[in-house]
Amino acid sequence: MAIDLKTVKHISKLARISIEEKKGKKLADDLNSIFEFIEKLNQLDTDKVEPLTSIAETKLQLRHDEIKSENIRDQILKNSPNENKDFFVVPKVVE
Amino acid sequence: MSAIVDLTLVELIDKIKKKDVSSKETTNAYIERCKKSKKLNSFITEDFDHALKKANAFDNNPNFEKKLPGIPIAVKDLFCTKDLRTTAGSKILNNFVPTYESTVTNNLWENGAILLGKLNCDEFAMGSSNETSFFGNVQSPIGENIVPGGSSGGSASALAAKLTPATIGTDTGGSIRQPASFTGTVGLKPTYGSCSRYGIVAFASSLDQAGPMTKDVKDCALMFEVMSSYDKKDSTSVDFERDNYLNKLKDSIKGKKIGIPKEYRVDGMSKEIDELWQKGIKIIKEAGADVIDISLPNTMYALPAYYIVAPAEASSNLARYDGVKYGFRSKGENLIDMYEKTRSEGFGDEVKRRILIGTYVLSSGYYDAYYLKAQKVRKLIKNDFDQAYKNVDAILTPSTPSSAFKIGEKTDDPVSMYLNDIFTVPINLAGLPAISIPAGIDAKGYPLGLQIIGKAFDEQNILNIAYTMEKHINFKNEIKSWWI
Numbered sequence: 001m002a003i004d005l006k007t008v009k010h011i012s013k014l015a016r017i018s019i020e021e022k023k024g025k026k027l028a029d030d031l032n033s034i035f036e037f038i039e040k041l042n043q044l045d046t047d048k049v050e051p052l053t054s055i056a057e058t059k060l061q062l063r064h065d066e067i068k069s070e071n072i073r074d075q076i077l078k079n080s081p082n083e084n085k086d087f088f089v090v091p092k093v094v095e
Numbered sequence: 001m002s003a004i005v006d007l008t009l010v011e012l013i014d015k016i017k018k019k020d021v022s023s024k025e026t027t028n029a030y031i032e033r034c035k036k037s038k039k040l041n042s043f044i045t046e047d048f049d050h051a052l053k054k055a056n057a058f059d060n061n062p063n064f065e066k067k068l069p070g071i072p073i074a075v076k077d078l079f080c081t082k083d084l085r086t087t088a089g090s091k092i093l094n095n096f097v098p099t100y101e102s103t104v105t106n107n108l109w110e111n112g113a114i115l116l117g118k119l120n121c122d123e124f125a126m127g128s129s130n131e132t133s134f135f136g137n138v139q140s141p142i143g144e145n146i147v148p149g150g151s152s153g154g155s156a157s158a159l160a161a162k163l164t165p166a167t168i169g170t171d172t173g174g175s176i177r178q179p180a181s182f183t184g185t186v187g188l189k190p191t192y193g194s195c196s197r198y199g200i201v202a203f204a205s206s207l208d209q210a211g212p213m214t215k216d217v218k219d220c221a222l223m224f225e226v227m228s229s230y231d232k233k234d235s236t237s238v239d240f241e242r243d244n245y246l247n248k249l250k251d252s253i254k255g256k257k258i259g260i261p262k263e264y265r266v267d268g269m270s271k272e273i274d275e276l277w278q279k280g281i282k283i284i285k286e287a288g289a290d291v292i293d294i295s296l297p298n299t300m301y302a303l304p305a306y307y308i309v310a311p312a313e314a315s316s317n318l319a320r321y322d323g324v325k326y327g328f329r330s331k332g333e334n335l336i337d338m339y340e341k342t343r344s345e346g347f348g349d350e351v352k353r354r355i356l357i358g359t360y361v362l363s364s365g366y367y368d369a370y371y372l373k374a375q376k377v378r379k380l381i382k383n384d385f386d387q388a389y390k391n392v393d394a395i396l397t398p399s400t401p402s403s404a405f406k407i408g409e410k411t412d413d414p415v416s417m418y419l420n421d422i423f424t425v426p427i428n429l430a431g432l433p434a435i436s437i438p439a440g441i442d443a444k445g446y447p448l449g450l451q452i453i454g455k456a457f458d459e460q461n462i463l464n465i466a467y468t469m470e471k472h473i474n475f476k477n478e479i480k481s482w483w484i
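In the order they appear, the protein sequences are chains A and B.
Per the working numbering, the first sequence starts with residue 1, numbered consecutively.
Per the working numbering, the second sequence starts with residue 1, numbered consecutively.
With the rest of the complex left out, here is chain B (with noise of 0.2 Å):
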């Protein structure tokens, strides 16, 4: 049999109903590999002792019928969890503990599983890179010193370095998507409105999705299945009639319309990513999908309309960070002068790039020029996508514009770092869902992902299309445990 930390999520559950393995030989297998793994940085905050006590109680009086019975699972230091500091990789929120529990987390623990820690993140989700976590860098699986992808890169090290089953992460502008290109694992950015805010601290509010990141598709329409959820306490929550993704998921995509967006062939395209794009065409056609060329015009906009609209509304989320009811507070002469040390110690060097970019687009005399201008492309972009959607039922595109990368590479250079995002920003723009899936490795030896980007609401589909091609691909990501 194979190790247990070498099990798909789903293989996993398999094992645990038939009683191959207990909940608490499996949370001891990843705790025992977590302390061997501390070179990742990985981890913000490790919760092994109460995951034991969860998995021994579990063990005690097992509940077969759950979706994730008794299974550890790490998460984003993004979502608060009860009793259990929550940073978001900043130290404003250093020694914030939540007195509640964030509903995607809660529907996670509601369906068995249990908490095994709080995975590094970009400080506040903000970078591609996960450089600029308080915490410090997170090293990548694939390669030392190089990056996971972020801001969910303690998530996507965390998931292929097998520290955890599956994960979750939250995507404003790919940072889902993008760290699991960079790391050979599949992540999903589910519709806007289909995973509830509550409870994640916000970064930009009108962008923001919590999905998951898994090993493969199968686990990733579990996942999807058990955190999405109709909530009242989040008033952009969207009531529709969920799914049984898993239970649905079919490996057949014949007829489907599958279209190829011209404006995503960019210039200095490296010739590793088109193959890649090629190759997945191909795969796509074998299985019998339509491939069809369209055109979405505005893409080349979509990045600097997201680089207005998600600083501004950052800028307005981060307003509530001030020293005063909880986070790290700094000494002032006056409360004026307390508020401006709190803030300017506590966040870190991006983090203020933001939020004077947010605050400089919605100054006085300047709304109309940026925000609202942001506000009118974002338009346009949505309107391209509901263009295309009259004649297809997917698009396929690569995730992200190239492999992982050194760390420190693009540090000094915030717009080369930005351009990272280029394939992923207009989803969210047009809130629809998105998956990344491994599809190949450059010549480095480094995994490239393709997104397949669906209609509002129609993950079924997506995930259909992902898992179709996984089939074909077969990819093996071939990770050596260099850092034990």
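So here's chain A without its partners, still in its complex pose (with noise of 0.2 Å):
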């Protein structure tokens, strides 16, 4: 399997990623020798095998739907990358 120029830009549009025209080359000959590096695993028989899913054996545990953190909405919005300390801004999207 070949990755091309063409699977790139459609998976860095996937993933919200612009690639610039000239490293998308480069890209797609790195992931084409990773991708051969991980075909190894075609190698092994797994049909019968249960995936592993989680690590941690441990039962996930229920809380009460409490409210613990209150008047914190300085410190949400204390990283904000936009100068408006009362609300996140985003570009226009509804015109």
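It should be emphasised that the hints constitute simulated quantities derived from the structure, not laboratory data.
All the pointers check out, no bait thrown in.
Once the Cα atoms are required to be at most 25 Å apart in a straight line, the calculated DSS-like pairs of lysine-lysine come out as:
#1 B:Lys-341 to A:Lys-6
#2 A:Lys-78 to B:Lys-331
#3 B:Lys-455 to B:Lys-285
#4 B:Lys-331 to A:Lys-23
#5 B:Lys-262 to B:Lys-390
#6 B:Lys-91 to A:Lys-78
#7 A:Lys-48 to B:Lys-379
#8 A:Lys-85 to B:Lys-325
#9 B:Lys-410 to A:Lys-25
#10 B:Lys-341 to A:Lys-9
#11 A:Lys-13 to B:Lys-91
#12 A:Lys-78 to B:Lys-325
#13 A:Lys-22 to B:Lys-91
#14 B:Lys-325 to B:Lys-91
#15 A:Lys-22 to B:Lys-331
#16 B:Lys-331 to A:Lys-9
#17 B:Lys-379 to A:Lys-59
#18 B:Lys-410 to A:Lys-26
#19 B:Lys-325 to A:Lys-13
#20 B:Lys-341 to A:Lys-26
#21 A:Lys-13 to B:Lys-341
#22 A:Lys-59 to B:Lys-232
#23 B:Lys-331 to A:Lys-85
#24 B:Lys-341 to A:Lys-22
#25 A:Lys-23 to B:Lys-410
#26 A:Lys-78 to B:Lys-341
#27 A:Lys-26 to B:Lys-91
#28 A:Lys-85 to B:Lys-82
#29 B:Lys-341 to A:Lys-25
#30 B:Lys-91 to A:Lys-23
#31 A:Lys-26 to B:Lys-406
#32 B:Lys-331 to A:Lys-13
#33 B:Lys-382 to A:Lys-48
#34 B:Lys-232 to A:Lys-68
#35 B:Lys-390 to A:Lys-48
#36 A:Lys-92 to A:Lys-78
Reassemble the complex: the two chains are provided individually, in unrelated frames, and hints are given to aid placement.
Structure follows, in structure tokens:
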């Protein structure tokens, strides 16, 4: 299997990372050499193997739905990249 | 008396408790040395003024009952520290100041330690040489233009250069053990679920574990004791009774069964690494342990499986960096354009590469072929260890396939960089604890490490083995302060 420039463009769109045209080729080459390495797994027959989905052998704990942090609006907005300290501001999405 | 910075953590604590030195004298000694060591680039953010204030406050009202009384400690910049910038080595978090503290660092401060600053690391802990950091390469104190390893490269460099008496890192595929091995220091990756992941910038959530990096095994036992705690804020934190690992440390391994896995004798392994391994085997035999040949048949599939699981989880975890609520934001013509430019300019090449691998293996039509396959292989690798532990108490291997390499030597070939973690990755996939201890030097004079792998939550046992071996090896880290 080979990853071509078209595939790189498709997955970079899915990942919301714009890739410059001139870097796309190098990236495709890198990904191909990595996937060539990964394909080694195809030598293994895993049809009867259960996937390991969690390494911690614990049951997820339930907890009561209680409010634990109050009045943390300023803390939440503190690192906002926009100057406005009352809301998160993004480019206009509705015309 | 030896200089303050030459003392081990345990020795330093003893001196502080005896009032031979104060917290302020200690903190000053480290700050002085840090200021002379900028060339190493091991710090991203210094917090010296606050550290001195806290040291003063400790001396004015000392509590010697604490496990780390007034001890200054610098930590990897992957741990969120309240009110102090936390970057994860990335441009995208260049201006991020957490409003909360990670549980692990909080445990340090609760036990009396003082934050000295934040240490350089590979961007989002993705790297094996500390060359992917937005804040530049880290120099290893073992030699000029030599990598300290990664991703906890700043931590390893600062520790070996005596800029902090002990430190903490994180290990997703070897990021504590490989840099420890490269710098002649001790590094422990605890069992998954032992140290809380709350407040640690996430890379691959099913693999990430925080752990100590120290000058010797005693220090390691103490730091681990302080770091490990059950934490409701981390749903994968395991509620078990934590021990006094330092008090229970003993240098006896008589009758212990230690496995030597034949699959770790990889193709092209250097003679030096093989000899180091043989030396380790001889030491444990002489100390009275039984050495047993074992097989971990799926070892060769661990690294390829890791390069599916880790990027897949990373692509999901790093989806949060979109320029909306915190971190770097680029200007875009519309919302989508803003996302794409923010992530393109905010992430470095290695991080982008891994996000794209992860996105690809999780994308429609490929999930079964890659991600599901990797999870099944992960199961096989865990089964290998479960099987082996029916007959042995621990496993001994080299920590890395080579000693430290030159800056720039492997940056053009991602796969050759990934191969650095060939001996460490299987342990993360199986969620087990493992410790790397310095065990010798190669022809160039660079340190080499041995790795002891334990059963889940059996840290005391591998600490004891490491402690016993350390006494026999009697490794001295010959670091000349060439950068000063």
